[in-house]
Amino acid sequence: MASGSSSIGIDGFFENAEVTTSGRPVLRRNEVECFLLSSVDIDSEDDPPRFTALRSGNLILTTHRLIWIPSQSNGAVPSSVPLAAVTHIYSHKKSIKSMFHSPRIRFQANPGSIVVTIVFRGKGDFDEFLTKLWECWRGRAWEEEEKSESETSRSGSGTVAQGLYGNDGTVRMVGLAGILRKEQEQWESTDKSLQDAFQDLNALMSKAKEMVSLAEKMRQKLLSAPSSQNGSTDDEEMGSKEEMQQWMLSVGIISPVTKESAGALYHQELSRQLADFVRIPLEQAGGMISLTDMYYHFNRARGTELISPDDLWQACTLWEKFDVPVMLRKFDSGVMVIQNKSHSDEEVMSRIKMLVTKTETLRVGVTASDAALTLKIAPAMAKEHLLTAETKGLLCRDMSPDGLRFYFNLFPEIDPTNIHIVKDFGTYGEWIKATSLLSV
Amino acid sequence: MQKLADFKLPQFFNYPPYFTLQPVRDTREKQIQLWKELILDYCKSQKIFLIGVEEDFPLFSNSAIDRSLSHEARETFLSAIVGEGRAEWLDKGHRKCLILWHRIQDWADIILQFVRDNGLEDSVMTVEEIRSGTESLGTELQGIDRTILMRALKLLENKGKLALFKGTSADDEGVKFSV
Numbered sequence: 001m002a003s004g005s006s007s008i009g010i011d012g013f014f015e016n017a018e019v020t021t022s023g024r025p026v027l028r029r030n031e032v033e034c035f036l037l038s039s040v041d042i043d044s045e046d047d048p049p050r051f052t053a054l055r056s057g058n059l060i061l062t063t064h065r066l067i068w069i070p071s072q073s074n075g076a077v078p079s080s081v082p083l084a085a086v087t088h089i090y091s092h093k094k095s096i097k098s099m100f101h102s103p104r105i106r107f108q109a110n111p112g113s114i115v116v117t118i119v120f121r122g123k124g125d126f127d128e129f130l131t132k133l134w135e136c137w138r139g140r141a142w143e144e145e146e147k148s149e150s151e152t153s154r155s156g157s158g159t160v161a162q163g164l165y166g167n168d169g170t171v172r173m174v175g176l177a178g179i180l181r182k183e184q185e186q187w188e189s190t191d192k193s194l195q196d197a198f199q200d201l202n203a204l205m206s207k208a209k210e211m212v213s214l215a216e217k218m219r220q221k222l223l224s225a226p227s228s229q230n231g232s233t234d235d236e237e238m239g240s241k242e243e244m245q246q247w248m249l250s251v252g253i254i255s256p257v258t259k260e261s262a263g264a265l266y267h268q269e270l271s272r273q274l275a276d277f278v279r280i281p282l283e284q285a286g287g288m289i290s291l292t293d294m295y296y297h298f299n300r301a302r303g304t305e306l307i308s309p310d311d312l313w314q315a316c317t318l319w320e321k322f323d324v325p326v327m328l329r330k331f332d333s334g335v336m337v338i339q340n341k342s343h344s345d346e347e348v349m350s351r352i353k354m355l356v357t358k359t360e361t362l363r364v365g366v367t368a369s370d371a372a373l374t375l376k377i378a379p380a381m382a383k384e385h386l387l388t389a390e391t392k393g394l395l396c397r398d399m400s401p402d403g404l405r406f407y408f409n410l411f412p413e414i415d416p417t418n419i420h421i422v423k424d425f426g427t428y429g430e431w432i433k434a435t436s437l438l439s440v
Numbered sequence: 001m002q003k004l005a006d007f008k009l010p011q012f013f014n015y016p017p018y019f020t021l022q023p024v025r026d027t028r029e030k031q032i033q034l035w036k037e038l039i040l041d042y043c044k045s046q047k048i049f050l051i052g053v054e055e056d057f058p059l060f061s062n063s064a065i066d067r068s069l070s071h072e073a074r075e076t077f078l079s080a081i082v083g084e085g086r087a088e089w090l091d092k093g094h095r096k097c098l099i100l101w102h103r104i105q106d107w108a109d110i111i112l113q114f115v116r117d118n119g120l121e122d123s124v125m126t127v128e129e130i131r132s133g134t135e136s137l138g139t140e141l142q143g144i145d146r147t148i149l150m151r152a153l154k155l156l157e158n159k160g161k162l163a164l165f166k167g168t169s170a171d172d173e174g175v176k177f178s179v
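These protein sequences, in sequence, are chains A and B. Residues 1 to 440 (the numbering used here) make up the first sequence, in order. Residues 1 to 179 (the numbering used here) make up the second sequence, in order.
Everything labelled a hint here was simulated from the structure, so no lab data went into it. The structure presented is a predicted model; accordingly, all values stated were derived computationally and were not measured. Possibly wrong hints are sitting among the right ones.
Claimed, not checked - Residues from chain B that face chain A, not an exhaustive set, calculated with beta carbons under 8 angstroms:
#, residue
1, F12
2, D26
3, Q31
4, F114
Glycine included, every Cβ here is placed at the ideal spot set by N, Cα and C.
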């Protein structure tokens, strides 16, 4: 039976605490459970004792009360002390003596400034309990309730809502139920905004349908119009047809007319645009840039209306058909790069040759990073070039714990039948000079 | 240029790529040729008959440039010499290699010449005397590897130039020349 009224216990100090059939305390409105400890005694410090001691029960701290529930049916009654009645909590000093005793809390409570001692005989986090007790006592949750209750009776609006139900009847977010309620509300609001969005999308789709049918009409018109090969073309009509194609391109619509001949017009235009754009990043990258890097640069420049990787690749492959100074190239490793046509293999090889025949590099060789620095290209590119040069026989490799280095390939210059001979001409002699500069 | 004992090393011995097995085929073939010649030259000059692949054969590393041949490289180069008939693997695991800087046939010829030079056409000698006796001092036969010597002698025996026979003790094999 739930009733809000408290009843004073037998001794006149404790209040009876209502419990459920399973022994759980019935909490009042806005009351929240904070802590639970077992094996707790409550004693009266005064002499003579002001109330019968409560032995061996569970102590529950709530925002409003201390509730004691007997753990065995020993005739004791579930009791509680309202925190509002507590006037003073004695500070807990740890001493040698306290180390050997069960921890205890002492406080003064009304009516009558009775001193109460709570003895904790069980294993529980006593320090935590103490902290929480202070919090709850200081929190004075019962006062807010009284305040809001009295205010509600006066104004009935704009007050801080306490408890699970706010003053205006809306649900307040407290406890586990509160969490669940909050989740529920979030789902509902998301659901609603999705529905709204779909409304817009439906509107958009119907517009799109209109657009598509318009485009289809245009397409029919273009297809049915006489082509430029036909001599009897009207200039004006040609002009408007061109315009129409341009316009369609500008809205990103693929023109069906030229698709068969040279790839879609879209890709053609893109291809030309790309060839122009590519010039500067290529220079900065030293004449060769990977396709992925170019994808990044190009799209970044465009800002909106980004192109897909496939569009980019197609645009590059179309370069063969035009007279542009750039080309797409695929390495054995699968890496695809864009390079200047002038940036041919021969050109790179000759630059590498110049690099490795210098006195210093003759002596110590080059690493991929050295080459990258000197040739001003990316290290991965440099490595590809060095490997290509090795395959062509220009360079040979030196593998050591220091890493991989490449040297000018001297092997062809040495005569196996005469291993001590050094020809007058040739790099072998240069190399010997370079190395002897160091030896004593 | 560097020397190993009294052997003059070629300049390219200090070329670091020389010590890395080259992946490019043409370059590798050139490299193999150079190693073949160097190994044979060196073994001949130092009278080395046996190379252990995992042992510290002086040519396999160059401390001046801090490089040494990998196991794979050593095996590759030695196998190339074997392939040309100028060496033989003594074990399946390719750990020991017999170097024939003179082919067996060449050794046989040298023995015959030795016999003629010393007037031993109808004599009898122990095998050991051939390689360490007074007559052999200062000749190529001095210190010849026993295995190689036996092979050469057997070759000559097949040609009827001599007869091998066992002596009084296990290592006292003898030869009767009938050159």
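Kindly indicate which numbered hints from before are broken by the structure, ordering the numbers from low to high.
Structure breaks hint 4 only.
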